[in-house]
Amino acid sequence: MVEVSVTKKYGERTVLDVDKLRFERGKVYAVMGSNGSGKSTFAGILAGVLKGDGEIIYDGKKPETGYMPQKSFAFDMSLTANMLLGQPLRGRKAIRDKARRLLADFGLGEMSKKNAKKLSGGETQKLALARLMMEEHELLILDEPTAAMDVNAVEKAEKFLKDYFVRSRPAIVIVTHSPAQARRLADEVIFLDEGRVEEKGSVAEAFGNPRSDKLKKFLSVNG
Amino acid sequence: MWSNVTAAFEKAFALMGEGNTLLNEIVATTMEMSVQSSLYAMLIGVPIGALVGVARFPGRRIVVLIMRTLMGLPAVAVGILVYLLFSGTGPFGKLGLMYSVELMVIAQVILITPVVAGFTETAVAPAYDAMRDTAAGMGLNKAKIALLAVNETKYQLVATYLFAFSRSIAEVGAVQIVGGNILHKTRVMTTAIALNYNMGQFSLALALGIILMLIVLGLNVIASALQAGLKKRNG
Ligand SMILES: Nc1ncnc2c1ncn2[C@@H]1O[C@H](COP(=O)(O)OP(=O)(O)O)[C@@H](O)[C@H]1O
Ligand SMILES: [Mg+2]
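Protein chains in written order, with my numbering: chain A, 1 to 223; chain B, 1 to 235.
In short, the hints are calculated from the structure, not lab data. Hints are supplied without guarantee of correctness; some may be wrong.
Unchecked claim - PhoX-like cross-link-like pairs, simulated, lysine-lysine; straight-line CA separation at most 20 Å: (1) Lys-27/A x Lys-214/A; (2) Lys-62/A x Lys-232/B; (3) Lys-156/A x Lys-98/A; (4) Lys-144/B x Lys-154/B; (5) Lys-113/A x Lys-231/B; (6) Lys-114/A x Lys-154/B; (7) Lys-117/A x Lys-231/B; (8) Lys-27/A x Lys-159/A; (9) Lys-113/A x Lys-154/B; (10) Lys-61/A x Lys-9/A; (11) Lys-20/A x Lys-71/A; (12) Lys-117/A x Lys-11/B; (13) Lys-98/A x Lys-231/B; (14) Lys-71/A x Lys-51/A; (15) Lys-51/A x Lys-142/B; (16) Lys-232/B x Lys-118/A; (17) Lys-232/B x Lys-114/A; (18) Lys-232/B x Lys-113/A; (19) Lys-231/B x Lys-114/A; (20) Lys-71/A x Lys-61/A; (21) Lys-118/A x Lys-142/B; (22) Lys-117/A x Lys-94/B; (23) Lys-200/A x Lys-214/A; (24) Lys-162/A x Lys-27/A; (25) Lys-159/A x Lys-98/A.
Everything numeric in this text was worked out from a predicted model, so none of it was measured.
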């Protein structure tokens, strides 16, 4: 569906350099790597909020894309209003019901009338994920979407992601630090190191029989 | 000195207590001028500031620099400029606005709009940076994102309005020149204060100053109550 060949430089330093990385609908990709390896840079460029040098080629038209940045943001309004942002039919009962259901699913139902700025980091992340699920996407890019959540919330969020995935069969690109999460959610792993693809392959291959020493080390430390 | 100040307070409360018609008239003209000036300055300045706050283009820093420099426009210079533009021989002389409240409003809008725009830009730019990726990731369009950035700064905008109003009500240089301090027409509190000072009526001048401060205080009290209400409603 989409093929990415980009480099990104800050000053003299190249923080991302990937060539012909392909993403197809109906697959979940885990982007992994240590801090500063270029994961967020890659996610931002793929989402179109960051400019790089190179090209992003789509088969056919540009897919409907949803993107959740690493830093979740709550808009200064109620949780419900946050959910309805950008919904042209926000007056419709079906839309409002969907928002209510999603908030309840993420355990935020009781707080729906509260100002979203009052939420904790983990709650803000839940809101951001729930808000994104108001729409169906062809390409969904999530940058460490559960990093601030507790284990219960992570479990729930992953369940919703799976349901969402089954429902609309998008390509999901999820940046994660957790090999366990990658195992639970992803089909493919892209392991970045200093902006380059150090290893790439199916979850079974990459985790079961890693070729790269860096990935081996990463896995031994992160479990 | 202290006897003067005490006398001024006594006079201020006496004036307000007796329902002095001249004072009421001057206060009314002052409010008419300041409310209009501050509202128009907001209507023009907030969109400009917001636009510059969310736009990212080469040369943006120069625009911001110019905007911030205009915040320091000297009132008397603006007064003279507006005077030259609107006096009988000026390009807008035909409008016959010389020595009118309308022209005082025009001069003040020129004076205050850059301040409003500058404050708005300063508030909106970081708010925009904090939310732009999230908003773009939700597929929101540029106009919607800009409005959301302004929404993030609504409390700062209330403060900006208060500043605009206070600046307008306390300003004397420009309104003296284009308004002329005409009794029953363009006399406002600051020009009345200046006049009384020139006539050596220090305690009356101070008394008017005290009343002016009380008006600003009242407005601030209302505004903080509104703000508290808004915060409460926002949960
Ligand atoms: N705006 C920026 N200016 C300079 N360097 C940056 C900027 N953004 C990111 N970087 C650098 O680029 C590298 C990759 O960053 P990032 O993609 O956020 O890493 P990751 O998400 O893998 O932790 C890091 O070393 C980071 O410091
Ligand atoms: Mg990151």
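Each hint, compared with the structure:
no., hint, result
1, Lys-27/A x Lys-214/A, "25 Å, violated"
2, Lys-62/A x Lys-232/B, "43 Å, violated"
3, Lys-156/A x Lys-98/A, "17 Å, holds"
4, Lys-144/B x Lys-154/B, "15 Å, holds"
5, Lys-113/A x Lys-231/B, "13 Å, holds"
6, Lys-114/A x Lys-154/B, "17 Å, holds"
7, Lys-117/A x Lys-231/B, "11 Å, holds"
8, Lys-27/A x Lys-159/A, "16 Å, holds"
9, Lys-113/A x Lys-154/B, "19 Å, holds"
10, Lys-61/A x Lys-9/A, "28 Å, violated"
11, Lys-20/A x Lys-71/A, "27 Å, violated"
12, Lys-117/A x Lys-11/B, "48 Å, violated"
13, Lys-98/A x Lys-231/B, "27 Å, violated"
14, Lys-71/A x Lys-51/A, "18 Å, holds"
15, Lys-51/A x Lys-142/B, "17 Å, holds"
16, Lys-232/B x Lys-118/A, "12 Å, holds"
17, Lys-232/B x Lys-114/A, "10 Å, holds"
18, Lys-232/B x Lys-113/A, "11 Å, holds"
19, Lys-231/B x Lys-114/A, "11 Å, holds"
20, Lys-71/A x Lys-61/A, "29 Å, violated"
21, Lys-118/A x Lys-142/B, "26 Å, violated"
22, Lys-117/A x Lys-94/B, "54 Å, violated"
23, Lys-200/A x Lys-214/A, "13 Å, holds"
24, Lys-162/A x Lys-27/A, "11 Å, holds"
25, Lys-159/A x Lys-98/A, "17 Å, holds"
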